[in-house]
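Novice: Chain by chain, the residues run as shown.
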Amino acid sequence: MLDLQGYGWMLFEGLQVTLMVGLCSLALAICLGILGAGAKLSGNRLLRMGANVYTTVIRGIPELLLILLIFYGTPTLIQNLAGELGYDLRLDFNPFLAGVMTLGFIYGAFATEVFRGAFQSIPKGQIEAAQACGMHRRLIFRRIILPQVWRFALPGLGNVWMVLIKATALISVIQLEELMRTASIAMGATRLPFTFFFIASLLYLAITLASVLIQQRLEVWANRGIRRA
Amino acid sequence: MNLQLVVDSLPQLLDGLGLTLQITILSIFLGLVVAVPAALMRLSPNPLLRWPAHGYIFYFRGTPLLVQLFLIYYGGGQFREELDALGLWTYFREAYFCAVLTLTLNTGAYTAEILRGSIQAVPHGEVEAARACGMSGWLLYRRIILPKAFRLALPAYSNEVIFLFQATSLVSIITLLDLTGVARSIVARTFAVYEIYIAAGLIYLACSYGILFVFKRMEKRLMAHLRPEERRQAQKAADPAQENLPV
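Line by line, the protein sequences give chains A and B. Taken in order, the first sequence gives residues -19 to 209; the numbers are from the working numbering. Taken in order, the second sequence gives residues 35 to 281; the numbers are from the working numbering.
Just so you know, not all the hints are guaranteed correct.
[Stated by the list, open to error] With beta-carbon atoms standing in for the labels, derived distance ranges:
1) G(-12)(A) / T124(B): 30 to 38 angstroms
2) E64(A) / G151(B): 31 to 39 angstroms
3) A240(B) / G30(A): 32 to 40 angstroms
4) L37(B) / R123(A): 47 to 55 angstroms
5) S219(B) / G30(A): 27 to 35 angstroms
6) L65(A) / A258(B): 56 to 64 angstroms
7) G(-12)(A) / L256(B): 48 to 56 angstroms
8) L21(A) / A166(B): 43 to 51 angstroms
9) L39(B) / F73(A): 17 to 25 angstroms
10) A62(A) / S219(B): 25 to 33 angstroms
11) F73(A) / P181(B): 45 to 53 angstroms
Hints listed in this document are in silico derivations from the structure and should not be mistaken for laboratory results. Ideal Cβ positions, reconstructed from N, Cα and C, are used throughout, including at glycine.
All chains should be modelled from the sequences, with the hints used to inform the complete structure.
Specialist: Take a look at the structure:
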């Protein structure tokens, strides 16, 4: 039988960190996505342009480079700016927080596109009807748009989640002890690289499989009350 | 901002870009070579052909590229004696070989899935017409199904090429000096963190949109007969009475 030399529990802890980072980043990405889509669809030109620059730039640059840029670049940038203003600042990012912020920021751009499509899929007539009933813009968003948007956004968000959970492996480069990093540590100690990375890959595969099943359940939930043609 | 440094390191960054592009192009071609048989096997009625292809596609699409890269680059070391006996160890020792192998297998799986979808989307009537003309087997695939499927796959495939281009940045983790690798080494030497990374990012950005532009042009050429506006205009020209009808 497979001998993990006592490193099995470590991989399990890494798996938990991976899932935590993934879920927190997804939550952040969804918030940014809704905001970004709102900006893209708003009447304000400045907001629209800002959102377009955000999605264009983020989707054109590799995640790894963005992670390096945000994790190492931001503290230096802030320190330099503070230095020029005469402050002596020492910034150190917590790897977990930095990982979540980075991934959330990157996948927020992808979620923006998903939500933009979803918002546009909501029938115009419903919004007009709500206006005719005298609802305010915020009330329309809360009562009409938000409950329905999930139906259109879930397939796209599922894709974003699949890419995101795989991208969490990249934040092992900023030394966060998630699944990839723990596998590397175990490899260094046991000299069994194939064994540990293969197990890690199977754990990622398990996450993917579970995600597919959960997504199907969620889609059934989001489509409740909709008649199928 | 230290702009002079960015200008000075530009030649090195462009050298890195050369390796990035080289790996990208090599992996795309080899990936296609893997993807076409994988997609055909995946659609085969024979379970002995279908299941291995299914497993391959599922594994490479379901796990992070970084794990696959480490599995081949570091994992190869665990089987050193076996690989030595086969005379393959000299290859698996090379980061370049491992990088291209991993990226090929990875993009091969994604491309196979795209191709599977587009082969299934080939209109049934065209296949029936070809059969009625007496085509079958390989001829049917070569003349009718595959050309049509490649065209249908083009929009999704352009995304995959851009993803692959960006994914090559991971090879910097296994010591190769591609664009990201060069940027990392310059940063380690000069501590000009954001200047260099932003410069590298802008190069990636320009290339990504360059690739997108090429594919858009290709799509326009290959799908000219399917462009919706022109078709509608042609219809309008043929039947002016339709113009006033609500769409």
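Novice: The structure should be examined with respect to each hint, and the outcome stated for every one.
Specialist: Tested hints:
1. G(-12)(A) / T124(B): 30 to 38 angstroms: 34 angstroms, holds
2. E64(A) / G151(B): 31 to 39 angstroms: 54 angstroms, violated
3. A240(B) / G30(A): 32 to 40 angstroms: 21 angstroms, violated
4. L37(B) / R123(A): 47 to 55 angstroms: 52 angstroms, holds
5. S219(B) / G30(A): 27 to 35 angstroms: 33 angstroms, holds
6. L65(A) / A258(B): 56 to 64 angstroms: Between L65(A) and A258(B), where Cβ atoms are some 58 angstroms apart, the hint holds.
7. G(-12)(A) / L256(B): 48 to 56 angstroms: 52 angstroms, holds
8. L21(A) / A166(B): 43 to 51 angstroms: The hint (43 to 51 angstroms, Cβ to Cβ) holds, given that L21(A) and A166(B) are roughly 49 angstroms apart.
9. L39(B) / F73(A): 17 to 25 angstroms: 24 angstroms, holds
10. A62(A) / S219(B): 25 to 33 angstroms: 27 angstroms, holds
11. F73(A) / P181(B): 45 to 53 angstroms: Since the Cβ atoms of F73(A) and P181(B) sit about 52 angstroms apart, the hinted range of 45 to 53 angstroms holds.
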